[in-house]
Structures are given as C-alpha cells and as structure tokens.
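**Student:** What follows is the residue order along each chain.
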Amino acid sequence: MRRNEDAGLNRIDDLREFVVEELLLGTLDVAADDDLLTSGLVDSLGIIRLIGFIEESFQVSIPPEDVVLENFLNLNVIDQYLSRRGG
Amino acid sequence: MSYEHNEPMTRSIPSLIHAVADRHGDRLAISRLDAALTYAELAAASQRVAQSLTALGVRRGDRVGLYQLQTLETLVALHGILLAGGAYVPIDPQQPPARVAAILERCDVRVLFSNGLAPALVDKVLQHGGPIQTLIGSAPEGDGFQVVPWRSAAAGLSDRRLAGVKGEDLAYLIFTSGSTGLPKGIVHTHRSALTYAQAAADLYGLGPEDRIAGIAPLHFDQSTFHLFSAPVAAAAACLVPEAHARLPASLARCLETDDVSVIYTVPYLLIQLLLRGGLDQVNLERVRWVLFGGEPFPAALLNRLMARLPHVRFSNVYGPAEVNQCTYFHLPQGRRWSAASVPVGQAWPEAEIRIVSETGDLAEAGERGELWVRSETMMQRYWGGAEDDPSVFAACQDPAGNTARFYRTGDRFSQDTAGRLWFVGRMDRQVKVRGQRLDLDEVEMILQQHSQVNEAAAFLVAGQDNVSLVAAAVIPSPGPSPDCRELRRYLAQHLPPAAVPQSVEVRDCFPRTGSDKIDRRALAEAAKSATE
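Sequence order for the protein chains is F and X. Anchor point for the first sequence: position 33 equals 33 in this note's numbering, and the numbering is continuous, going up by one each time. Anchor point for the second sequence: position 432 equals 1432 in this note's numbering, and the numbering is continuous, going up by one each time.
Hints were generated in silico from the structure; no laboratory data involved. Treat each hint with caution, since some may be false.
[Said to hold, decoys possible] If the Cβ cut is set under 8 Å, some of the chain F residues that face chain X in the computed set are:
#, residue
1, 25
2, 26
3, 27
4, 38
5, 43
6, 44
7, 45
8, 47
9, 48
10, 64
11, 65
12, 67
13, 68
14, 69
15, 72
[Claimed, not checked] Here are the simulated distance ranges between beta carbons:
#, chain 1, residue 1, chain 2, residue 2, range
16, X, 1333, F, 86, 44 to 52 Å
17, F, 29, X, 1285, 40 to 48 Å
18, X, 1455, F, 86, 46 to 54 Å
19, X, 1445, F, 21, 23 to 31 Å
[Said to hold, decoys possible] What the simulated footprint calls covered on chain X by chain F, stretch by stretch (three residues with Cβ under 8 Å from a Cβ of chain F suffice, anywhere in the stretch; the number is not a length):
#, segment
20, 1248-1262
21, 1275-1282
22, 1487-1496
Backbone N, C-alpha and C fix where the C-beta goes; we use that ideal spot for every residue, glycine too.
The following block holds chain F by itself, in its conformation from the complex (with noise of 0.2 Å):
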C-alpha cells in the first residue's frame, strides 16, 4: 500500500513537472487539484503533448476516447486514471 501511495506522489510529481516546465514554461505553478483545462491553464495541443508525455513514461497507451474531462480534469484525477489502467 505504501509503495503504491509513493508511487502515486511520484507520478503526479512526474506530471505536474512536464505541465509547469514544458507546457506552462515555469509562468506558473499548479497543484495536483487545481483544474487544468476550465481554468485555462492547458491548451489543445498542450494536451496532445501531454498525452504524448504520459505515453512516454508510463508506458501506457491512451485511446482517444479515453481522452475526455472525467480522466484529464487535474493532475490527481490523471493519476487516478492510469492507477485504473493499472499503472
């Protein structure tokens, strides 16, 4: 349980790394509940790239139907994602 949960920290980690430095270029800082995509932090193509990113490095293969708000609303509901894709 405990090495799952650290796992889960890292990865978000992991996430909220490639969405500050490369997509936000370090203008501003986000937290794993902030709301990625309403507030208008991401855009269109930030997405595809951070499903190219997520693809990557997690070894996870991400349909395009899976590619809707339930799964890609903030960082801690991504991570809840790809733990139910068994991550």
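Assemble chain X onto chain F, guided by the hints.
**Tutor:** Below, chain X without anything else, positioned relative to chain F:
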C-alpha cells in the same frame, strides 16, 4: 428568412435582444451543459448588469473588459455591457499577464469582469498596475481598485431604459497580433456586427429551430456568429465549454448532447474531431451545416470528414476579423473534393471585393494580387488609429464619383477563370497557427530584445496531424550562450501561447539567400530533418 430584419442601420444589439425577448421570450437563447437561459431571461439579466455598470460609472463608448471563460454569466455580462452603452473587450485568459495588462492600458478599461478565473492569473495582471478601478468577480482586495462580487453586479435593478445606443457606437474590440509587439484592437460597431450577423443568418438559412454550437472563444471573431447571428434568427447558442473544446472526444459528446445543428470552427478542431473524437461513437444526425475558416483545410482530411458526415453541408468561410466574413465556398455535397486545396469561393452579397496587382491595377484572371474589401461588416478602424489610415484602408472612387473605403487585407488572392477566389498567401509575415493569427516578425522582434540574442529568425514547421507550429533559431550575443528553455520561458511572458516557438535552436550562423537575407525556408527544412 430574415423575418427579424428591420433596418439594421439604426438598430443596436440590445434592441435586437429585446425584440426577440418580446416576441419569443420563452425560446432558448443560450445553453451550456445543464444550464440555460431563455431570451426573456437573458434580456432581464443583462438589464440588471447594465444598471450595475451604469451605477459604477460606465458610459456610452466606455470599454469594459471580459477576462473570463465563456459561461452563461459571461454572455449576460456581455449583453449588459452593450446595453449600458459600453463596448466589450474580450481578453484571452491564455495571454501572458503583461500582454493582458497592455491591452487594458491601451483601451483604458476601468471595469473588468474576471468571474471564475484563477485568482493567481488575475493577480498577476493587476500587479502591472493600469487603469482598473472595479473588478467584477472573485479576486483579492487590492490597493486602488474595488472588487464587486458577480452576484451583486447581477442583482442591479431591472430597468427597461436603453442607453440610447446607436448603430455607429462601439460594440466590441478584438485584439489581434501585430508586427510591432503591440496587439492591434479591431473596432467593431453595432452596425458592422449586426450587418454581419444578418448576412450570415441569411446565407446559412438560420431559423428558430437551429442550435448553433458556440465553440469560438469571445476573443476570436468567429464567436460573433453564435453571439449575434443566433438572436437574429431567434435560434439558440449552445456554448461548448473551453475544456471540452480542448478534448476532441469531449467535444464530440458535447455536440451530440447539445443536439447542435450548425457548427462554425477552425479546421484544426475539425481535424482533431475526425482523428481523435471517436465520431463512430456519437450521433451527429442533427448537424446540418459545418462552416470552417481561419486557416486552410487540407483537402485529404476534409474529404475524410465529409465521408464520415455525409448528411452535412460543408462551407469554407473566409474573412479577416477586420471585415468579419466576406467570401464563402459551399463544397459540393456527397462528392470528394478532388483538388489539393479548397477555394474561398465568391464574395458574399454584403461585400465588394477587388484583387489589386502590384502595379495598382485590377488583377486579371489567374493573376495574383492583394484582396481589398469594402463592406458594411467592416471594422471602423484599429483602436488608436484613424478611419482613413492609408496603410490600412485604400480610398477609391466608386462609379458615382464618391470615395469608397476599402480594407486592405494583406492577403494574396487570385481568381480563376471560373470566377472562384483562391487564397494564395500573405503579403507580410502573418501566419495562422490553429486558426490563430500570429506575426512571425513579432516573434523575431521579441527574441531580438533578449540580452543574449544577437539575431533571430522565426518560421513555421509542420507538426503532428498537419498542425503548423512556430519554431525559431537564434545567433547568440558574445558571452554565455542562452538555452532553448530559457528563451521559450522569456517568450512566453510576452507572446500568446500559440506564438511561443516549440523549439529555439542556438546556431553560430544562419543560412543566407543570395541577397544576404536569412533563408528561413532552409532553417525550417533543417528543423524538420532534425526531428525526423
């Protein structure tokens, strides 16, 4: 069709909304997810906002900022601003705060709606100082301005009096990238907005049964279609939340759930919908017409989309934000489009066009020239500019000997022998990235202002899914060399996100053309082969 058509010359947007509310008050005006407003509710709610704005000192011609996502409240605020006699200034929340502050300063925005936006963003804008006296929304209290909660602003007295808005009054200012580093404000009046709204409603046969998808954000001129053409036809605008528009599968579901009948958007989003939207899992039977514009649609992908939605009509729409729409091309239904590109078709009835060759004469068929447009849908001027600025407008004699004012689009056009118009490029270095207008000269200029940059070049490269991306290369100044990340971070503080290069290559020298100009084409080729 144009049953609401009664002298748009003297009419204003508020009087249109009230006319529809009087005749069809219980009809749906706007919906967004599970929330909706009828025309009667929209008229009443915008009256209350207008009263609050008037009490806050907003007068005819004042600019009021809309710095928030497109919700029902945002559209109530927009119509409240217009009813109070103000002009709305929509601001892209994705612009860097310094640029937002520059726009507010430029048009002396004293009242700003910022409801629902991340407070950190609003705070960063306000740190730049500026003319803001009242912030409507949730924001930290600060020095020199008051904060009015949205609920209070929305609870003004309901009063039927209009501010005496005239057709020639300012309605909205849309800011777009220029080559100078300062965004240009396109000034539209109630008359230009309504003339466009009526002409578009006529061209696409909009009626009360239509449900128009509201995808374009307010700072993008395509939004005037769902904002103003919908009420002209007493139709409904179904707002697609920004977040849904960013995720193609969510966008597809939203279009299905909202039962939309007309869609107007950029090819980029339609391509995403085709490739990633899971279109085989949604029912878009209600859609009757898809309009696209803002950038060329590669014919191969367009054909795939048309084959996927065989019951739908498709039209290519052309027109810079300065004139709204001015030409259209209806694609033949049920057939593949065999050419590699799609023409922009013919001028619509509202517009008079000329293709002017380099010699200043009218271009012959097949000859290239700059497109000039004259239309009632045309902007009044750029904010801070003159109505007769010769770099923007050309004065020509019409057959009756009167001086006619044409907008010089800067777009290179040709007309084929069949009379069809083709967009063939730009006169300057303006480009479209995902339908957004950018200027590569501005990217270079801002890069060159960086202390470690001696010379800079910006150019387009092709990315995934046929998307054009901005890339750049620099020759550093003597001393420590800058790195790509640092340069991109610097650019992100000055440019809209779509204009920030995906990569900045640091080089010792640039390839040059024979005339010693930077060979940007060679740089783009090099960038392309580096990623392959």
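**Student:** Would you mind marking each hint as holding or not holding in the structure?
**Tutor:** Results of checking the hints against the structure:
1. 25: 4 Å, holds
2. 26: 5 Å, holds
3. 27: Interface hint status for residue 27 of chain F: holds (6 Å vs cutoff 8 Å).
4. 38: 4 Å, holds
5. 43: Status holds, d = 6 Å.
6. 44: With a closest approach of 4 Å, the residue 44 of chain F hint holds.
7. 45: 7 Å, holds
8. 47: 6 Å, holds
9. 48: With Cβ-Cβ at 7 Å, under 8 Å, it holds.
10. 64: 4 Å, holds
11. 65: 4 Å, holds
12. 67: 5 Å, holds
13. 68: 5 Å, holds
14. 69: OK, holds: residue 69 of chain F within 8 Å of chain X, min 5 Å.
15. 72: 6 Å, holds
16. X/1333 to F/86: 44 to 52 Å: For residue 1333 of chain X and residue 86 of chain F the Cβ distance comes to about 45 Å; the hint holds.
17. F/29 to X/1285: 40 to 48 Å: The hint (40 to 48 Å, Cβ to Cβ) holds, given that residue 29 of chain F and residue 1285 of chain X are roughly 45 Å apart.
18. X/1455 to F/86: 46 to 54 Å: 51 Å, holds
19. X/1445 to F/21: 23 to 31 Å: 26 Å, holds
20. 1248-1262: Since 4 is at least three, the answer is holds.
21. 1275-1282: Since three or more residues must qualify, the claim that chain F covers the segment 1275-1282 of chain X holds, with 5 doing so at under 8 Å.
22. 1487-1496: Our answer is that it holds, as 4 residues pass the Cβ test (under 8 Å) against chain F, meeting three.
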